[in-house]
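**Student:** So you can see what is in the structure, the chains are spelled out below.
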Amino acid sequence: MTSSSAVVLLPELLRIHDQRKRCPAQLWLCPLDEVTYAYQVVISPGTSPCFASTCTGHHTCRQRLQSSALLSLWASLLCLFQFSVSMEDYDYLFKIVLIGNAGVGKTCLVRRFTQGLFPPGQGATIGVDFMIKTVDIKGEKVKLQIWDTAGQERFRSITQSYYRSANALILTYDITCEDSFRCLPEWLREIEQYANNQVVTILVGNKIDLAEKREVLRQRAEDFAEAQSMLYLETSAKESDNVEKLFLDLACELIREAKQNKLDNNDTAPMPGEGKTISYLSCCSLM
Amino acid sequence: MAAEELPSEFDVVILGTGLPESVVAAACSRVGQRVLHLDRRSYYAANWASFTFNGLLSWIQQYQEEPQPKEVQDWSSLLDEGEELVYLSNPDSASISNLQVFCFTSEEDEEEAQSSDLPNPTEEKAVNEDTDVKPSADSNEEATTEKQETVGGAEEEQLQVTPTEGEEQDTDKPHLSTAQSQLEPTRKRITYAHLVKEGRRFNIDLVSKLMYSRGSLVDLLIKSNVSRYAEFKNVTRILTYRNGNVEQVPCSRADVFASRQLSVVEKRKLMRFLTSCMEETEEHQAYSGRPYLEFLCDQKLGDNLQHFLLHSIAMVTEDTPIEEGLAATRHFLRSLGRYGNTPFLFPLYGLGEIPQCFCRMCAVFGGIYCLRHSVDCLVVDKDTNRCKAVIDNRGQRISCSHFVVEDSYVGKKAAAPRRLLSRAVLITDGSVLPSDSDQQVSMVTIPPVAARYPVVKMVELCPSTMTCIPGTYLVHLTCQSAGSAYEDLAPVVTRCFHTPDSPDQENRPSVLWCVYFNMVDGSGVELEGHGLPSNVYVCSGLDSTLGHEYAIRQAELIFQKILPEEDFCPPAPNPEDIIYDGENPSTPAGEEDEDGAGEEGKREQSQTQE
Amino acid sequence: MHGRIKIKSTAQQEEEKRKEREKKLKIYVSARDTCFSKVTRVLLIQVVSNHQVLFSFLCGLCVSYLHSMFLLDTHCQRKEGILDEEALQVTQQLLSSNPDFATLWNYRREILMHLETVKEKDEVQKIYEAELAFLESCLKLNPKSYGSWHHRCWVSARLPRPDWSRELSLCDRCLSLDDRNFHCWDYRRMVVKVSGVPVAQELGFTDRLIGSNFSNYSSWHYRSTLLPLLHPESPESPSPSHEPPQPSPSHSPQTQSHRVCEEQLLKEYELVQNAFFTDPNDQSAWFYYRWLLGRAEREEMISCVYVSRDEERVAVAFSRPVNAQSVSLLLVLDGQPQKVEWKSVHPRFKHSPVCICDLPPGTISDITNEHNLTVHWTEKYTHRDCALYTGRTESWCRDSATDQELFRSELSVEKTSVLQSELQSCNQLLELEPLNKWCLLTIVLLMRALDPLGYEKETLAHFQTLKEVDPMRSAYYSDLCSKFIIENTVLKMEYAEVRVFSITDKNLTTLCHLDQLLLVTHINLSSNQLQQLPPQFAMLQCLEVLEVDNNRIENLEGVYHLPKLEEVLLKNNKISALADLQPLASCPKLRRLDLRGNPVTQAANIESELTALLPSVTDLLL
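Chains as they are written, first to last, in full-length UniProt numbering: chain D, 1 to 287; chain R, 1 to 610; chain Y, 1 to 622.
None of these hints come from the bench; they were simulated from the model. Idealized CB from N, CA, C, for every residue including glycine. Do not take every clue at face value.
[Unchecked claim] Mimicking DSSO-like on lysine-lysine, the simulated pairs with C-alpha atoms at most 27 Å apart in a straight line are:
hint, chain 1, residue 1, chain 2, residue 2
1, D, Lys143, Y, Lys17
2, D, Lys138, Y, Lys26
3, Y, Lys144, D, Lys141
4, Y, Lys492, Y, Lys506
5, D, Lys133, Y, Lys24
[To be verified] Listed below are several chain R residues computed to face chain Y (Cβ distance under 8 Å; list not exhaustive):
hint, residue
6, Ala254
7, Val256
8, Phe257
9, Ala258
10, Val265
11, Arg268
12, Lys269
13, Met271
14, Arg290
15, Lys300
16, Ile469
17, Asp577
Please model the entire structure based on the sequences and the hints provided.
**Tutor:** Laid out in structure tokens, this is it:
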């Protein structure tokens, strides 16, 4: 989208922030010298590499190697493997944002999906910024970051920044509450105003377990969703109906879009040293 | 979006969602205070807000309308024994003044405009003459500047006569540009209609600031984890206006290396100077109390470097003392290279995002948010002179132990004459210094254009900052007021851009639309006092500096007064490290858990710790 | 407080991380075992028939055998047709946690090569594309992994339809993260070479990298290989616009001249000056500057032919060292090709700038005959004549060597005006940075190139400063200074047309350019800091008197087979053993030797032993 280059964060910041995420040590096994085939094993805890052990051998006369030397190399290799395990292993990271009137069950949807719980504990959302669940879609690990409104919708005071850089929006209403459905156009206006153009939006009618109290007919919602070119799904967080499906469908759709985007714009293809975070912008984040 | 009743008991009530207020809100909420955060406006961030183009137009309209004198309601019925009411002053529009709008682009779409305008260009011109004294033979600079005064005057008058008829004013404007578009028919112009249509893609800041990479705002964002809510772009270059040209200021090592304006000897001198001034030397002490400029002169750096160092790197004036100049230079240099080749960052979608990020943080920790909601008066205990509660504009009594308020609510009580900032926002069709990349974010320092003019700071934002549409640039100009915003900044605009007032500068970018206004510089306002109870704190508005140091320091001071024992914005927990009810913290769900009891015990412990 | 979140304690987090790690280790180990059990299985089949394997197997599962195990494995599996995708998967699992496991990469290559033979082209393409994607994740883990880069190189080369632009952009992204990742540089060079990226574009690429950070040897070096291709010096070369886009092997920098046209050179001077004025302590720019200044090579020629009637010996000096045994030299004496054996002056070198040969006895010994001698250097199509007139005992033919030819080869620009202005700007920098060693050194080199004798005083002063500001390298500066003093002395000697060479009391630490002293008969190196007379000293074929009093000489290796040497004055040196004097025994005419003040004189029986060793010496001073 933009031609300017992405800003690379300085490692010092990464250290401040990701101290725990960084692997405690890195294993490097590198032939130091093409001629002598001297190998060096270095454990580097944090930044300053400390030398662990060195063995030398010759490539062409492997057979004549001192087996003890190689054995010790091998042993040091084995005991070091555990350090080289990376903690960051996902192929995609998506930010999904929930919106909709207060009380339609947004938090329940998230907690049902991420923790399999209903109803969520009292006040559990305090201090919780977003929930994370990593799902497997056709062999690709997809990390979903699911953001809740933090209660700001209660007095219609959601910050615009909440919508920024979301990959998908879940617009939720309560099928037993006509009012929550009637507010949808208002929410759509906010989406149009603040969200990214490429955002994937899905309309969700929640609480189908209370079918006897239904106020919004399915057909009506489907028509509305179609008119706004949104996906539509009815769920029950309580009965766990369609909750998995909701998020997995979204993840599939997002992967599809991401791949499309990648094809369209070769520059955004992920490269070594970068996560496959799907951001439409090249910019720096302080995290 | 049903409106509920607000709870009526809080620890801290905060009125106004500007940056310092929002930081205080986040900090209080983070350490467990019950926070109610209100703003009478329908948008976040008060005078720190960013608007879409259409949003800005309605904001302008609102300020151009006569402020409706609000009836003061009598809430004394809500008082208990020993209490009295202190009314907050009516938040007037005094914080914004001298608002003037100019549109220099055609109203209609290109084709339509041309087809309708081409047949009768002479008539259009005739109309022009009425509203705009068009300079006819202004090939030399002086003639232009002289005429500008009269031009500006005419415009201003017109605006004052018809302040609400923005529409009519706009219909006048196309004539200017159609006359222009005939001068250079090849340049594809963006029309006013296009700006309005794409208006939602603009994010126009009311304040213009940048974030120092090692400034207190960036540090706070990182420390508190609020940074996760926003993304940032580097300011890619520092420019300066000098001898009628815009030049790039080499400030990083790579810049110095690549600079074409500097001789190799100058390069060496500059690098030497920058390296040497990072540490206090005896030489610096020898100049103690004398102007920084004098010190620079004695370094025999030459005019080029002196200009760069004084105006663009230290960004101080000619009479700034050396201590201050060196401190500013060091601040600049320390921030350099942390995220890129300049010391500055700019948040995507504009500066208005930053207060909102802190508000989100506050909300995540239980803060309650309510826009379009205000506080009418304070309930003060007569004996202790402390604010016990506030009464909102709906007559609800909300008790609180601390009250933080934006300074515009106490405006009348601040006796001291206020300083003003002059601001201009322009939408232009090109960069002031075109380069290989059209995605440059530039900071431009403009020394006084003439003797009594102020130093102007200009920030030019490209579309990739998500603040304007492709094909345009958003330009912010800021200075301390000497006169009205128009008087202060129009001379700079006509020098740096192609406007109807400077028709000879066709190689410069054209201004499509612009607004001038003055804002109150609140940097002198005291936190407390103002005849208010002791647990009421006033957040002053903006200050004229480029960074956010003032606002953050203020927020921290207020926080320390409210909660002297608490940590200021400790990091928010990583969502991955949070233990949820019923979830086992260390083993994945479904797996056998042998030491469940132990975990339970731990959880209880952590609960009691809370 | 109610409703507050609970956060995992650090210990809990650590525990979780530890468990996660353990889990991964478990997976890793089991994958590894799967890998090796396949090997073992096959090994057992093979073990009986292969003694070597049996032996080492019994030696206790020696790990050094893993390589051969794998080779065996693939060998057998291919025979049995059981090479499978499973192996690919297992190795992938292993490599994704440790991309530096070279053995596994090899194993993978074996498998892939096998798959190549059995699969359709499209399928192969897919497999290799998957391989590239996998490699990216490995590089993410360790961007400096030898194994991953090498494998990527291998895969790219085998990919049926390679996407080079993608590879280039990968390199660019990688380099933007770390512009000194030499693995990536190597890989990029390969990609550029194979995909035929225009040289001009590559130069633009270095422009960009240098612009963002000029402290980068790789970029400067790359530039130095590109410039001669894009702006070759010779006027008959095609202009840059006609340069063929693909750098074919014949255009590779190695085979081309390293010279760059003057116009471009001036631009480069400007660029690099910007760099070292911005940061004079950055070496990379200075090194590039040195490269720019010193790009001329000396013409290959025979610089001198010397013939001596007494010894019936011919000595030939070349402009560069040659291998005496293999150099194609043809000696023609009075029109008759002679069969002679060329040898170097000292057995220690094969390569030497001076070769000697002995003529068949009696060919020129008659002093009344005149002889005409020609030495042909057949491979270089060059030759040199020399006439030995009647009544003369020796004769030589050589160019009247000027300083231009002799020593300026290392810094040579055609126009002295260019050098002059470079010197000026360096002096400008020195004024601002009087203690900058790089600047001082470059000034010295420029002065040498401009007027070595004229700037002699300044040069010596600069060397003094250099030794003070950079004491760690003072020995290097001493050697360099010695070299320059010798060069100057050679020049002075040339101008004076004498065969006496004298440098006394100048703190010489090393000897060089001894090939220039082929004709010198009398050398005086007294009162210096010399520690040895190196083997090169044997090139002084005409030397009669050697004075090296008051040095620190421990070793006389170079005083070897000097046919005319008569006097050796070694007063006050550090010769401590009789064996050190051994080389002198090879000089047939030696008659006077001064060893006073050497430790060796303290040895018992020294006099008698010396007489035995050097019977020709009649005048021995102890």
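**Student:** The structure should be examined with respect to each hint, and the outcome stated for every one.
**Tutor:** Against the structure, the hints come out as follows:
1. For the suggested pair Lys143 (chain D) and Lys17 (chain Y), the alpha carbons sit about 18 Å apart, so the restraint of at most 27 Å is met.
2. Restraint check: the Cα-Cα separation between Lys138 (chain D) and Lys26 (chain Y) comes to about 24 Å, which is no more than 27 Å; the hinted pair holds.
3. Taking the CA atoms of Lys144 (chain Y) and Lys141 (chain D), the gap is near 25 Å; set against the 27 Å cutoff, the hint holds.
4. Pair hint Lys492 (chain Y) plus Lys506 (chain Y) holds up; C-alpha atoms about 15 Å apart against a cutoff of 27 Å.
5. Pair hint Lys133 (chain D) plus Lys24 (chain Y) holds up; C-alpha atoms about 19 Å apart against a cutoff of 27 Å.
6. Below 8 Å, beta-carbon pairs count as interface contacts, and Ala254 (chain R) has one with chain Y at about 6 Å; its hint therefore holds.
7. The beta carbon of Val256 (chain R) is positioned within 8 Å of a beta carbon in chain Y (closest approach about 5 Å), and the interface hint is therefore held.
8. The criterion of a C-beta within 8 Å of any C-beta in chain Y is met by Phe257 (chain R), whose closest approach is roughly 5 Å, and the hint holds.
9. Among the interface hints, the one on Ala258 (chain R) holds; its C-beta lies about 5 Å from the nearest C-beta in chain Y, closer than the 8 Å criterion.
10. For Val265 (chain R), the interface hint holds, since its Cβ comes within 8 Å of a Cβ in chain Y; the closest pair sits about 6 Å apart.
11. Taking 8 Å as the C-beta cut-off, the interface hint given for Arg268 (chain R) holds, the closest approach to chain Y being about 5 Å.
12. The criterion of a C-beta within 8 Å of any C-beta in chain Y is met by Lys269 (chain R), whose closest approach is roughly 7 Å, and the hint holds.
13. Satisfaction of the interface hint for Met271 (chain R) is found here, the shortest Cβ-Cβ separation to chain Y being roughly 6 Å, below the 8 Å cut-off.
14. Annotation: interface hint on Arg290 (chain R) violated; nearest CB of chain Y at approximately 25 Å, more than 8 Å.
15. Contact between Lys300 (chain R) and chain Y, as hinted, is not supported at the beta carbon level, the nearest pair being about 11 Å apart and thus beyond 8 Å.
16. Annotation: Ile469 (chain R) was flagged as interfacial toward chain Y, and the flag is violated, the nearest CB pair being 28 Å apart, outside 8 Å.
17. For Asp577 (chain R), the suggested interface contact is upheld, since its CB lies about 5 Å from the closest CB of chain Y, less than 8 Å.
In this structure, the hints that do not hold are numbers 14, 15 and 16, in rising order.
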